[in-house]
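Novice: Sequence:
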Amino acid sequence: QLMDGTISLTSTVGVGTTVTVRLPLIVAPAEQSVTTPTRAAAPALPAVPGARVLVAEDHEVNQTLIKAMLTRLGYRPAIARTGLEAIAMVERARSAATPFALILMDMQMPELDGIEATKRIRDAGISAEMLPIVALTANAYASDVESCVAAGMQGHLAKPVQMGALDDIVRRWAVPKQPPVVPQATSDDADLQAQFDARVRNLFALYDATIALDTVDTAAIDALRHALHQVAGTAAFFGHGKLGTVARDIDDGLDIPAGAARDTVLQSGHAQLHRVRQAG
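Every letter in the sequence shown is one number past the one before it in this note's numbering, and letter 270, counting from 1, is 264.
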């Protein structure tokens, strides 16, 4: 009745009941009709084209990859290689009235790690509303996330960084202050692949040479672990996830004092790495 309609019932014993509902409705024009989607679409996040993003990352290949992805997505990346350099760049940008919209902060960097760098930025009076900071980390343990939040970060982005996840993070957190710019290509995919291939060749050559030594000293182990770390951090970008996992496991396994146990890790890791390489 509230809609000026009627409801009537017609019942036949042994047959059933018919319910008739009549509502006076106006036929909508074709252009106003709505097609119901098969599934609910996620709400679109606001794009921030041209946002200046500071990437605090000491790993050279990661720097190149993340910078290339950000540029392709329409953002303007800048690179800081240490926590101290990141703080200095934030201060300079702020003084020049060209502040960053977001920082992607690696957790492990020389001179000053990401946690301490974030604390100093927040202590300088730069709030999360002014400059969000997102952690770049290979670990997503609850304790790591808690440390990031306690230091003043707003979220975390897992390594190896994927294009879609990176775009989502920037869209979610970047402060839209900069005018749009037309993205320009920087690093060519072939150049990135060549850099990675060179690091893999260096790792295998260094590992073979280390195994051949009569006495493996600390310097040799440190050099090998550095090469393992470089490959472990970027292998998944180039479709070599297994190689990256094995390299990371060997690197972790060598983090013990010299002795029979470390020698065993060194030998078994060498064999396992070559098996992965042969498997393609």
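Since the hints were made in silico from the structure, they are not lab data. Be aware that a few hints might be false.
[Unchecked claim] Distance condition first, Cα-Cα at most 25 Å in a straight line; then the derived SDA-like pairs of lysine to any residue:
id	residue 1	residue 2
1	LYS236	THR209
2	LYS236	ARG271
3	LYS236	TYR201
4	LYS236	VAL270
[Claimed, not checked] Restraint-style ranges between C-beta atoms, simulated for each label pair:
id	residue 1	residue 2	range
5	ALA217	ALA132	35 to 45 Å
6	GLY119	ASP211	44 to 54 Å
7	ARG88	ALA206	33 to 43 Å
8	ARG116	ALA72	18 to 28 Å
9	ARG269	ALA192	46 to 56 Å
10	ALA184	ALA118	39 to 49 Å
11	ASP185	LYS236	16 to 26 Å
12	GLY233	VAL143	27 to 37 Å
13	ALA132	ARG271	14 to 24 Å
14	VAL143	GLN272	39 to 49 Å
15	ASP216	VAL143	29 to 39 Å
16	GLN102	ARG256	29 to 39 Å
17	LEU3	GLY158	50 to 60 Å
Note that the structure is predicted; figures quoted are calculated from it, not measured. The C-beta atom is built at its ideal place from N, Cα and C for all residues, glycine as well.
Novice: If a hint holds in the structure, say so; if it does not, say that too.
Specialist: Evaluated hints:
1. LYS236 / THR209: Since the Cα atoms of LYS236 and THR209 sit roughly 29 Å apart, the hinted pair is violated (cutoff 25 Å).
2. LYS236 / ARG271: holds, 10 Å
3. LYS236 / TYR201: With Cα atoms ~18 Å apart, LYS236 and TYR201 stay inside 25 Å; holds.
4. LYS236 / VAL270: holds, 7 Å
5. ALA217 / ALA132: 35 to 45 Å: violated, 21 Å
6. GLY119 / ASP211: 44 to 54 Å: holds, 48 Å
7. ARG88 / ALA206: 33 to 43 Å: Between ARG88 and ALA206, where Cβ atoms are some 53 Å apart, the hint is violated.
8. ARG116 / ALA72: 18 to 28 Å: About 20 Å separates the Cβ atoms of ARG116 and ALA72, which means 18 to 28 Å holds.
9. ARG269 / ALA192: 46 to 56 Å: violated, 22 Å
10. ALA184 / ALA118: 39 to 49 Å: For ALA184 and ALA118 the Cβ distance comes to about 41 Å; the hint holds.
11. ASP185 / LYS236: 16 to 26 Å: holds, 24 Å
12. GLY233 / VAL143: 27 to 37 Å: holds, 33 Å
13. ALA132 / ARG271: 14 to 24 Å: holds, 22 Å
14. VAL143 / GLN272: 39 to 49 Å: holds, 44 Å
15. ASP216 / VAL143: 29 to 39 Å: Holds, since ASP216 and VAL143 (Cβ atoms, about 33 Å apart) stay within the stated range.
16. GLN102 / ARG256: 29 to 39 Å: violated, 22 Å
17. LEU3 / GLY158: 50 to 60 Å: holds, 55 Å
When the structure is compared with the earlier hints, violations turn up for hints 1, 5, 7, 9, 16 and for no others.
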